[in-house]
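Residue numbers (numbering that gives the first Met the number 0), protein chains in the order written: chain A, 0 to 302; chain B, 0 to 253.
Be a bit skeptical, because a hint or two may be false.
As the list claims (entries may be wrong) - Partial chain A-side listing against chain B, Cβ under 10 Å, derived: (1) D33; (2) S35; (3) L84; (4) P85; (5) G115; (6) S145; (7) P220; (8) T264; (9) P270.
Said to hold, decoys possible - Label-pair ranges, simulated between beta-carbon atoms: (10) B:R138 - A:S169: 51 to 61 Å; (11) B:A31 - A:E82: 28 to 38 Å; (12) A:K203 - B:K73: 11 to 21 Å; (13) A:K108 - B:A105: 38 to 48 Å; (14) A:K108 - B:R204: 38 to 48 Å; (15) A:P54 - B:R138: 49 to 59 Å.
Just so you know, the hints here were simulated from the structure itself, not pulled from any lab data. Built from N, CA and C at the ideal position, the CB exists for glycine as well.
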Amino acid sequence: MDLSVSIGRLNLKNPVMTASGTFGYGEEYTDFMDPSVLGGIIVKGISLKPMEGNPPPRICETPCGMLNAIGLQNVGLKNFLKEKLPYLRKFETKIIVNILGKSIQEYVKIAKALDGAGVDGIELNVSCPNVKKGGITFGTDQRSLSQLINSVRQAVPSATIITKLSPNVSSIPDFAKTAEDAGSDAISLINTIPALAIDPETWKPRLANVTGGLSGPAIKPIALRMVWEAAQAVQIPVIGVGGILNSSDAVEFLLAGASAVQVGTGNFVNPRATSEIVEGLSAYLQRKNIHSVSAIIGKLKTP
Amino acid sequence: MHKLFTARVIENRPVNHKNYLLTAQPLAATAAPLPGQFYMIETARSLDPLLKRPFSYFRRTPDTLQFLYALKGKGTALMSTLATGQEIRVIGPLGTGYPPPPKGTAPLLVAGGLGIASLFSFAETLSKKLCLLYGARCRSDFLMLDEVDKLGCEVVTCTDDFSFGKGGKVTDVVSDFLSSSPKKRYTLYACGPLPMLAAVSDTARRHKIRGFVSLEENMACGFGACLGCAVRTVRGYKRVCKEGPVFPIEEIVW
């Protein structure tokens with residue numbers, strides 16, 4: 000059974016990765032599974048300086064999903080390189096680091112340092128406000144997005160760059176195309192959907208940050224639609240994210256055109272989810288008598 | 000030892016008007032929990048609720064784990080319908096437990112309502128020299144009083160509405176208790192609603208005694224990955240599920 004897929008210059012042994020911000024720096028999952036069975040680990044978003052995150056409550060559950068406003072809490076680039084990366088390197092899987100910044104310069108600095116440290120790839124979190132451009136988020140403005148990807152591409156010409164697209168746009172194909180044209184090796188989608196939960200008794204929002212990002216099975220149909228649209232718009236690989244809990248969910252994303260998938264909230268529900276999905280994919284292909292996972296990518300039968 | 004395991008429901012019964020006691024038998028070898036640690040329990044095999052819920056364990060028997068829980072929302076309502084023989088997925092034991100009292104100090108346990116759930120197993124491990132102050136809003140809110148009596152230690156009960164034991168809030172009872180025995184050195188352990196913990200911590204500070212509180216916060220995973228259960232401490236945000244739920248009183252920024 001051949002589960003391997005290619006993302007840019009990267010060869011993944013299988014299409015199952017963890018979504019940024021749901022797998023910590025790998026340490027928390029070793030009680031439950033062996034991270035080496037994964038195609039890749041997308042490490043929690045790293046910024047230039049450490050970030051302490053938002054005040055609590057930071058999460059709440061909603062029907063078939065959850066809202067989070069963690070506030071990008073992370074140890075910062077320096078600590079990541081010194082304390083976290085050596086540990087992650089022990090696993091036989093691709094280490095892709097999600098990065099975020101308030102300016103293009105910050106993204107470039109982080110990308111260069113990580114590339115120099117030999118990480119396997121970089122995923123751009125473009126849902127942060129561009130401080131220099133008056134707070135507009137990179138991910139919702141095609142020109143800013145293009146400039147950002149271009150600059151990172153030039154700074155790390157040989158690195159695998161994945162751009163994580165925001166669902167908060169009117170046309171996903173336009174943004175997918177922008178990422179491709181600017182030199183991104185792949186796109187991952189979708190990031191969480193901005194949302195609000197309210198306590199009717201106290202009249203207060205359920206999160207201290209008021210709004211948060213919706214994730215989990217509740218967003219899966221939206222993610223599938225966007226992955227399907229994006230996959231038709233670009234030649235570069237698409238990585239599907241959004242509400243994947245099991246191997247059937249993963250198969251749906253592959254059929255919609257994703258070359259790989261990321262599991263996020265599913266890790267919280269079942270810390271063994273990713274490793275069970277790898278096994279489940281293999282069993283699925285065997286049952287269908289298909290020898291390679293790449294044979295089902297984008298094979299959705301539309302009328 | 001399995002940290003993610005399946006358990007079979009042995010018994011699931013109401014213990015008063017809003018609380019239940021779940022007894023479940025792990026079907027795999029699991030680590031022995033420390034008093035104060037907790038488990039993430041699947042309340043129903045469904046997408047809604049999606050996440051497991053955190054519960055301190057009340058008591059461990061050779062074969063089973065017992066959990067006291069309150070009917071709070073959709074998850075615990077479904078949990079109360081779990082029938083004998085049903086299998087549930089559980090993660091644990093998780094977090095930190097109550098550290099033993101330093102030499103030369105006597106343990107003073109302060110439970111507010113359901114807070115007894117996490118302190119009971121700790122009380123069982125301590126010698127009978129401990130003192131337990133147990134407060135509730137009204138008489139019918141007390142849990143497992145028979146079991147608490149069997150501990151054989153000094154127990155002071157109180158109710159906010161004066162319907163049972165001493166009248167008044169448990170926080171005032173703690174204050175009176177410490178004032179009436181100024182010579183004795185105590186280590187305080189408290190579990191209960193957040194306002195109670197804040198008040199008790201303040202009392203401990205005023206009486207210059209050290210102690211620990213067990214906190215609660217929304218959490219998605221329970222094992223340190225989601226960073227959802229942050230609590231503000233003097234050294235920045237910490238995770239209730241990992242660095243806690245038991246924290247030294249002086250660390251928490253109330």
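Quick rundown of the hints versus the structure:
1. Checking A:D33 against chain B by beta carbon gives a least distance of about 13 Å; that is not within 10 Å, so the hint is violated.
2. Taken as an interface hint, A:S35 does not check out: its beta carbon lies about 18 Å from the nearest beta carbon of chain B, beyond 10 Å.
3. Nearest Cβ of chain B to the Cβ of A:L84: about 18 Å, over the 10 Å cut. The hint is violated.
4. Using the Cβ-Cβ criterion of 10 Å, the hint placing A:P85 at the interface with chain B is not satisfied: the shortest such distance is roughly 19 Å.
5. Nearest Cβ of chain B to the Cβ of A:G115: about 27 Å, over the 10 Å cut. The hint is violated.
6. Taken as an interface hint, A:S145 does not check out: its beta carbon lies about 32 Å from the nearest beta carbon of chain B, beyond 10 Å.
7. Of the supplied interface hints, the one on A:P220 is violated, with its beta-carbon coming no nearer than about 13 Å to a beta-carbon of chain B, more than 10 Å.
8. A hinted interface residue such as A:T264 counts as satisfied when its beta carbon comes closer than 10 Å to some beta carbon of chain B; here the least separation is about 7 Å, so the hint holds.
9. A hinted interface residue such as A:P270 counts as satisfied when its beta carbon comes closer than 10 Å to some beta carbon of chain B; here the least separation is about 6 Å, so the hint holds.
10. Between B:R138 and A:S169 the CB atoms are about 60 Å apart, so this pair conforms to the stated range of 51 to 61 Å.
11. Judged by the Cβ atoms, the range 28 to 38 Å given for B:A31 and A:E82 holds: they are separated by roughly 31 Å.
12. Between A:K203 and B:K73 the beta carbon distance is about 19 Å. The supplied range of 11 to 21 Å therefore holds.
13. Range check, A:K108 to B:A105: about 56 Å between beta-carbon atoms, so the 38 to 48 Å window is missed.
14. For the hinted restraint 38 to 48 Å between A:K108 and B:R204, the CB-CB distance of approximately 44 Å keeps it satisfied.
15. Distance hint check for A:P54 and B:R138: the Cβ-Cβ separation is about 37 Å, which falls outside the suggested range of 49 to 59 Å.
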